[in-house]
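Chemist: Letter by letter, the chains look like this.
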Amino acid sequence: MAMAGEVLRHVTKKACTILYPFEKDQVFMPKGFRGKQKFDIEKCTGCSLCARDCPSGAITMVECSKEVTKAGKRPIFDLALCLFCGQCEESCKFDAVVMTEEYELAGFEKSNMIIDIC
Amino acid sequence: MVTIVEIIISLVQIFIFPGLFFLGTLSLTYAWIDRKFFAKLQNRIGPLYTGWRGILQPLADFIKLLAKEDIVPDGVDRKMFTATPILALSVIITSLFFLPIYQFSGIASFTGDLIFVLFLMTAFVIIKLLAGWFSTNRFSLIGTERTAIQLLGYEIPILVAAITPAILTQSLTISEIVAVQAAGYVAGDFLLGFTRWAIFGPAAIAFGIFIACSIAELEKVPFDIPEAETEIVAGWYTEFSGKKYGMFIFGVHLEMVFLAGLAAALFLGGPSGPIPAAGSLGVITPWVVGLLQTIYFIIKTVVFVLVIAFIRAIFARVRIDQMVNISWRIFLPLALLSVLLVLLIGPLYLWF
Chain A
1 MAMAGEVLRH
11 VTKKACTILY
21 PFEKDQVFMP
31 KGFRGKQKFD
41 IEKCTGCSLC
51 ARDCPSGAIT
61 MVECSKEVTK
71 AGKRPIFDLA
81 LCLFCGQCEE
91 SCKFDAVVMT
101 EEYELAGFEK
111 SNMIIDIC
Chain B
1 MVTIVEIIIS
11 LVQIFIFPGL
21 FFLGTLSLTY
31 AWIDRKFFAK
41 LQNRIGPLYT
51 GWRGILQPLA
61 DFIKLLAKED
71 IVPDGVDRKM
81 FTATPILALS
91 VIITSLFFLP
101 IYQFSGIASF
111 TGDLIFVLFL
121 MTAFVIIKLL
131 AGWFSTNRFS
141 LIGTERTAIQ
151 LLGYEIPILV
161 AAITPAILTQ
171 SLTISEIVAV
181 QAAGYVAGDF
191 LLGFTRWAIF
201 GPAAIAFGIF
211 IACSIAELEK
221 VPFDIPEAET
231 EIVAGWYTEF
241 SGKKYGMFIF
251 GVHLEMVFLA
261 GLAAALFLGG
271 PSGPIPAAGS
281 LGVITPWVVG
291 LLQTIYFIIK
301 TVVFVLVIAF
311 IRAIFARVRI
321 DQMVNISWRI
331 FLPLALLSVL
341 LVLLIGPLYL
351 WF
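Residue numbers (our numbering), protein chains in the order written: chain A, 1 to 118; chain B, 1 to 352.
Incorrect hints may appear among the rest.
Label pairs and their calculated CB-CB ranges [claimed, not checked]:
1) A123/B / P21/A: 45 to 53 Å
2) A187/B / P21/A: 54 to 62 Å
3) A106/A / S241/B: 45 to 53 Å
Capping the alpha-carbon separation at 30 Å, the derived lysine-lysine pairs in BS3-like fashion look like this [said to hold, decoys possible]:
4) K14/A / K66/A
5) K93/A / K43/A
6) K14/A / K40/B
7) K36/A / K73/A
8) K36/B / K68/B
9) K36/B / K24/A
10) K24/A / K110/A
11) K36/B / K14/A
12) K243/B / K36/B
13) K13/A / K36/B
14) K13/A / K24/A
15) K40/B / K24/A
16) K13/A / K40/B
17) K73/A / K14/A
18) K36/A / K13/A
19) K70/A / K93/A
20) K73/A / K38/A
21) K243/B / K79/B
To be clear, the hints were calculated from the coordinates, so they are not data collected in a lab.
This structure is a prediction, so every number in the text was calculated from the model and none was measured.
Quick reminder that beta carbons are idealized off the backbone N, C-alpha and C, glycines included.
Only chain A is shown next, with the shape it has when bound in the complex (with noise of 0.2 Å):
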């Protein structure tokens, strides 16, 4: 019986819940909040350690020019794969890899997941 005053003040508020499809600008996430990567190609210098540390093995690293990077390797990452624990982000030393606060990343197909920029 000690709910019952605040449970009946609960009628005549306006309910907590976010339409969320409908009304997403009422959503947001915190700060630290570990999306989707984004990845800068002009900071990154192939070092591959973020393949090596990614716990799952979503990211591989592809050959590219050795103008791109130093070592001539790039990392394509894997969303179907990832976790999200954002162990790439610590690992890369020169800050290419940061996660992003984009949590909207379901899909139909599992080409679709692979982010792979230039």
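Chain A is already provided as a structure; the job is to place chain B on it using the hints.
Modeler: Using the frame of chain A, we list chain B on its own:
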């Protein structure tokens, strides 16, 4: 000699108003009201997208259940397993025909029908026991045993509480109980006609007992131990799926209407309410009176549904031993106390 017009009127009464179609719609609407109010109390929204503000949600759930696969477990007695949902639904619909909705007596009415209606209420719960027993599943068995213990506990208090207005109005016929309570409104007393309702007399405690035991009958929190989802899957209706489950769920919704209607008839004067006298609005036809009385009936039963939803929101589930404790040591003495009060003060009420 029964004329063809009477047959047609009877058929309309049974199937459309206030029969199957009206009661079905009412039960689904009350299920929606219950869910929406319960959600509002919990600071959330409830059903929203099916129809206007989600009003078609219970209907959508029912249609979905009708379309699902009907699995019959291996070792069950097929005849009884199939029969129990049908029996449950027919018992509850039969008992609904006795409730007064738009006039002071139901579609079916005979002397002493209160006892028959209370018996049908008990029979509905016994059929739930049969349903759990014929499922041959140990979780259903535990649920059935808990239903049986709960039934033993609250059945006597609810019967005593239901008989209290009968003692007060000196009649065991639902139509007469309603008529005695409605005498104030029939005589044209708008403002104070409601003071003749049994709830304002010495039967107030009995009304409280009736509500509490209705919650136990409907197996809602705090008395939903027989269907404790977190403990025994679903209790006595674990093995039912598809159409059979749909019939049970529809039966439970109808039971809510039934208990609400019974509480309204016994304690709140049924469909009685302020009705403009025959001369004041020109020709008051029976249609307008019937419509107004239906509206009053709906208002009273909706209040009952809202009270049950509110009690669901603020209490937690009781254990089965706490349930037995409450029913035998709190409900039963209070019910007997209300009978004592009615026997002592009742004649005064009738004299007024």
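Chemist: Now tell me, hint by hint, if it's right for this structure.
Modeler: Hint check:
no.	hint	verdict
1	A123/B / P21/A: 45 to 53 Å	holds, 48 Å
2	A187/B / P21/A: 54 to 62 Å	holds, 58 Å
3	A106/A / S241/B: 45 to 53 Å	violated, 30 Å
4	K14/A / K66/A	violated, 59 Å
5	K93/A / K43/A	holds, 10 Å
6	K14/A / K40/B	holds, 9 Å
7	K36/A / K73/A	holds, 21 Å
8	K36/B / K68/B	holds, 25 Å
9	K36/B / K24/A	holds, 24 Å
10	K24/A / K110/A	holds, 26 Å
11	K36/B / K14/A	holds, 13 Å
12	K243/B / K36/B	holds, 25 Å
13	K13/A / K36/B	holds, 14 Å
14	K13/A / K24/A	holds, 21 Å
15	K40/B / K24/A	holds, 22 Å
16	K13/A / K40/B	holds, 9 Å
17	K73/A / K14/A	violated, 54 Å
18	K36/A / K13/A	violated, 36 Å
19	K70/A / K93/A	holds, 14 Å
20	K73/A / K38/A	holds, 17 Å
21	K243/B / K79/B	holds, 15 Å
Checked against the numbered hints above, the structure violates hints 3, 4, 17 and 18; every other hint is satisfied.
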